[in-house]
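S.K.: Residues per chain, in single letters:
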Amino acid sequence: MDHLDQLEHQSLYILREAWAKIPRLAMLWSMGKDSTVLLWLTRKAFFGHIPFPLIHIDTTYKIPEMIAYRDRLARELGFELIIGRNTQALADGMNHMRGRLVCCTALKTDALRQVLEEHKFSAIIVGIRRDEEGSRAKERVFSARSRQSTWDLVDQPPEFWDQYRTDFPPDEHVRVHPLLRWTEVDVWRYIEREQIPIIDLYLAREGRRYRSLGCEPCTASCASTAQSVSEIIAELVATRTSERSGRAQDQEHSHAMEKLRVKGYM
Amino acid sequence: MVVGHVDHGKSTLVGRLLAETGALQDGRLEKVRRICQEQHKPFEYAFLLDALEEEQLQGVTIDITEVRFPWRDHEYLVIDAPGHREFIKNMITGAAHADAALLLVDAKEGIQEQSRRHAYLLSFLGITKVAVVVSKMDLVEYSETIFDRIRDEYTHFLAGLNLHPLAFVPISAVAGENLLGPSDRLAWYQGPSVMGLLEQVPLTAQGAAGALRIPVQDVYKFDDRRIVTGRVESGRVQLGDEIQVWPSGHRARVKSLEAWPPTAPAPVALETYQTVGLTLDSPLFIQRGDVLADPARPPHLSSFVAANIFWLGRTPLTLNREYTLKLATAERTVTVFSINRVMHAASLVVEHGKAHLGQNEAGEVVFQTGRPLVFDAAAEVPPTGRFVLLDGYDVVGGGIVLEVDELYRRPYAHGLPKSGSIAPTEGALTAAHRAMAYGHHSHVVWLTGVPGAGKSTAARYLERELFARQVKTFVLDGENLRFGLSSDLGFTNADRSEQARRAAEVARLFQQAGLVVIVALVSPFVADREYARILVGDEHLTLIHLEAPLAVLRERDPHGLYSRVAGGDGVQVPGLNAPYEAPANPALRLETGEASIDEIGARILELVLRRIG
Chain A
0 MDHLDQLEHQ SLYILREAWA KIPRLAMLWS MGKDSTVLLW LTRKAFFGHI PFPLIHIDTT
60 YKIPEMIAYR DRLARELGFE LIIGRNTQAL ADGMNHMRGR LVCCTALKTD ALRQVLEEHK
120 FSAIIVGIRR DEEGSRAKER VFSARSRQST WDLVDQPPEF WDQYRTDFPP DEHVRVHPLL
180 RWTEVDVWRY IEREQIPIID LYLAREGRRY RSLGCEPCTA SCASTAQSVS EIIAELVATR
240 TSERSGRAQD QEHSHAMEKL RVKGYM
Chain B
0 MVVGHVDHGK STLVGRLLAE TGALQDGRLE KVRRICQEQH KPFEYAFLLD ALEEEQLQGV
60 TIDITEVRFP WRDHEYLVID APGHREFIKN MITGAAHADA ALLLVDAKEG IQEQSRRHAY
120 LLSFLGITKV AVVVSKMDLV EYSETIFDRI RDEYTHFLAG LNLHPLAFVP ISAVAGENLL
180 GPSDRLAWYQ GPSVMGLLEQ VPLTAQGAAG ALRIPVQDVY KFDDRRIVTG RVESGRVQLG
240 DEIQVWPSGH RARVKSLEAW PPTAPAPVAL ETYQTVGLTL DSPLFIQRGD VLADPARPPH
300 LSSFVAANIF WLGRTPLTLN REYTLKLATA ERTVTVFSIN RVMHAASLVV EHGKAHLGQN
360 EAGEVVFQTG RPLVFDAAAE VPPTGRFVLL DGYDVVGGGI VLEVDELYRR PYAHGLPKSG
420 SIAPTEGALT AAHRAMAYGH HSHVVWLTGV PGAGKSTAAR YLERELFARQ VKTFVLDGEN
480 LRFGLSSDLG FTNADRSEQA RRAAEVARLF QQAGLVVIVA LVSPFVADRE YARILVGDEH
540 LTLIHLEAPL AVLRERDPHG LYSRVAGGDG VQVPGLNAPY EAPANPALRL ETGEASIDEI
600 GARILELVLR RIG
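Residue numbers (numbering that gives the first Met the number 0), protein chains in the order written: chain A, 0 to 265; chain B, 0 to 612.
A hint or two may mislead.
Pairwise CB distance ranges, derived in the manner of DEER restraints [stated by the list, open to error]: (1) T144(B) x V153(A): 36 to 46 Å; (2) T224(A) x L202(B): 28 to 38 Å; (3) D72(B) x S227(A): 50 to 60 Å; (4) R33(B) x Q226(A): 32 to 42 Å.
Mimicking EDC-like on lysine to aspartate or glutamate, the simulated pairs with C-alpha atoms at most 16 Å apart in a straight line are [what the hints assert, rightly or not]: (5) K107(B) x D147(B); (6) K262(A) x D161(A); (7) K325(B) x D390(B); (8) K128(B) x D98(B); (9) K128(B) x E198(B); (10) K220(B) x D183(B); (11) K254(B) x E241(B); (12) K258(A) x E53(B); (13) K258(A) x E132(A); (14) K107(B) x E152(B); (15) K30(B) x D249(A); (16) K325(B) x D161(A); (17) K30(B) x E251(A); (18) K40(B) x E53(B); (19) K61(A) x D166(A); (20) K30(B) x D72(B); (21) K107(B) x D6(B); (22) K107(B) x E53(B); (23) K325(B) x D199(A); (24) K30(B) x E132(A); (25) K61(A) x E215(A); (26) K262(A) x E52(B); (27) K119(A) x E171(A); (28) K258(A) x E52(B).
Don't read these hints as lab results, they were simulated from the structure. For each residue, glycine too, the CB sits at the ideal point set by N, CA and C.
Given only the sequences and the hints, what does the whole structure look like? Please build it.
M.R.: Below is the structure:
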């Protein structure tokens, strides 16, 4: 087994553990590269089936191509899609000008919380990775959240020998992280190996491409000539810029992402 | 994996390695510099890993960080562990999947409590590839004498854990000495640098030589296929292989290995650590927690599991208390049957006769499970020989299953008597005295099998033959016990268990009196027979399974049982309409349908004579 095989089998094992043990399960899906790999692994794990609903948290500020791609894929693959919006905050005119962290919390964290509450999900599968940023590096594969979605990051349960915290009190829910050990390059190498279709925002147009996808006002593209997945990989192996450098919310202050995530951000 | 005592410089070492090997992306160093300025601190390499605000404010590592970086021909995954006693659970979380470990010791402080406890945990987790890094050599002026002293002391301690370090490496992470290449300030040192050492660590070969074990994760019926999923934890599986399902013992062949997408070729074989989806050629009832195994190399099936435990719970592990045990995909409620010894993991001091195992202590514990558990000894098949323990929802410990023989070699008390203040009285005579006087050792021959399998007939034959050879012997027949000792018992599962327990106790008394006891008892449950084995001691008990085809049983029809079932009068007959758990590994399994009693009896007799000779 090579490195990608190991990652793949580990992720399949995690997905099946979640499905076997957790009664009300859903998967967060953002149409980005990590979500795309997660959806592919789901179909592998369940032999072509997608046995749980996918949730998209729609801030209404997403890059328009993302929404078109979302609706097309949902039609083609026929999975159950739940779209979560914080309608109250949107009606009040929430936007990033009121502060990026305030906006992220309202339109993403709170919207997610509302979906979980409404559908009574006991766990959601999320495609975060350890190499994205510091607080994600400290995550567990099965990561407990309080009813309010908060994360107690200084007192996490032990997790070893692939024995995960799959049982929890009724007022908790769990985030399942099948891609935790993958890196950005792993994701692209896997997309290349498996020939997984991706949204073309990742490919360079007029000398620029997106490396990480998010809301239009807070996501910057980067200079690139990569026209194919293999060119993206070559670019990433050589680069010294971090993946989320185009994501404005990360740069707000020193522990911005940690602060967001403790409250329940993905 | 980098482990060691608090403040001995683990995160600093890993942070510096990241910076030196060029693994850091732009902005990471600047971000740390900015944070250090905000907090009015000098530059901290450790902050590259200790990303949490709480960690940076307190200057400690709370949780593990995993970072990957390429160096020359390989990519390394480095796990930085916390050194604080309170965060042992996090250290284990990281260490459990490491191939090798660096034990860090501060040159100035020397070997401390966590230096020892972490070393114990590495040996407990089975990580044998360890090296010692003596850090902060700059604080002791790069003294060879101090380095030698630490090396000698730690080598001695580690040898007691059967850990033999690949190397002892002196470094200064802050000054960058001996990290990537040789250091002028450590001219007296001839060994490898840290990265030189990592390059030399032999990679773990994942052999397919182990016995096949696939713990079942789930059975899918999304479409017309009935797919059994799991992971090959040991060995390999191929299309057409015969597998045995445990605990049921049923056999089937692998009909297909399923995969998606359908355009890709389906696999013909799967190796260790690959996940599988397979269908079988016969429709067996299989559920999560079952184990698919190589019929030639079966796992153990028992209600008693002896293990080395490491305890993380805030409240101590307590005798007779219930916990949940999770081994691979199986889950059982277990009771703490005995605590054989407790070990202080930092000093290795051993204590006996304790009723508790405290936080961060280790010990040897026997658990009794409600239903028998399928497992292996960790030394034979590691993934199905280790488990975690839960108290409520929380993981409170880990365990490594000991060799089964290990369990029987020790004198186990059976549970605790209800009257707590009693102690056994020592007899004046020993077993050796009696054996000399009687001319043979004592023994228990336990005949199990469904009604009509021939237990009583075989028992009478044995009694006669042994008696003729001057052997002091006696038969305990289940039937006869029900007229006296067990006259209060019926035929429910609980009553059958109690009947077996009483038979075991009486057999033990007679065996201690120097006799060869022949027990003829249906004893349908694995747990009850295991209980007898532990009570009497493995070396004093021979389990023999008698069986016969159903047609023969119906013909023999003891007490008209089989015809009564056919007549529908509600009688329960083990093996027919009530459970009978066949033993997995009896000393003899004899088919009594065709063979004469002389043939059957002679085979048992020969075995018994050898054991008591």
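S.K.: Could you grab the alpha-carbon distance between K30(B) and E132(A) and see if it respects the 16 Å cut-off?
M.R.: Holds: K30(B) and E132(A) sit about 12 Å apart, inside 16 Å.
S.K.: Holds or violated: are the alpha carbons of K119(A) and E171(A) at most 16 Å from each other?
M.R.: At roughly 11 Å apart (the allowed maximum being 16 Å), E171(A) and K119(A) satisfy the hint.
S.K.: For the pair supplied as a hint, K107(B) and E53(B), is the alpha-carbon distance within the 16 Å limit?
M.R.: violated, 27 Å
S.K.: Is the hinted pair K258(A) and E53(B) satisfied, with a Cα-Cα distance of at most 16 Å?
M.R.: holds, 11 Å
S.K.: Okay, D72(B) versus S227(A) on CB: inside 50 to 60 Å?
M.R.: At roughly 27 Å between Cβ atoms, S227(A) and D72(B) fall outside 50 to 60 Å, so the hint is violated.
S.K.: Would you mind confirming whether the straight-line C-alpha gap from K61(A) to E215(A) stays at or under 16 Å?
M.R.: Measuring from Cα to Cα gives roughly 5 Å; hence the hint holds.
S.K.: For the pair supplied as a hint, K30(B) and E251(A), is the alpha-carbon distance within the 16 Å limit?
M.R.: holds, 12 Å
S.K.: Are the Cα positions of K262(A) and D161(A) separated by 16 Å at most?
M.R.: Given pair K262(A), D161(A) is violated - Cα atoms ~27 Å apart, limit 16 Å.
S.K.: Just to be careful, I want the Cα atoms of K128(B) and E198(B) compared with a cutoff of 16 Å; is the pair within it?
M.R.: Given that 16 Å is the threshold and the Cα spacing comes to 13 Å, the pair holds.
S.K.: Kindly confirm whether 32 to 42 Å is satisfied by the beta carbon distance between R33(B) and Q226(A).
M.R.: Holds, since R33(B) and Q226(A) (Cβ atoms, about 36 Å apart) stay within the stated range.
S.K.: Could you grab the alpha-carbon distance between K325(B) and D390(B) and see if it respects the 16 Å cut-off?
M.R.: Distance of about 11 Å is within 16 Å: holds.
S.K.: Confirm or reject the claim that T144(B) and V153(A) have a C-beta distance inside 36 to 46 Å.
M.R.: With Cβ atoms ~40 Å apart, the hint holds.
Checked against the numbered hints given earlier, this structure breaks hints 3, 6, 10, 19, 20, 22 and 23; the rest are met.
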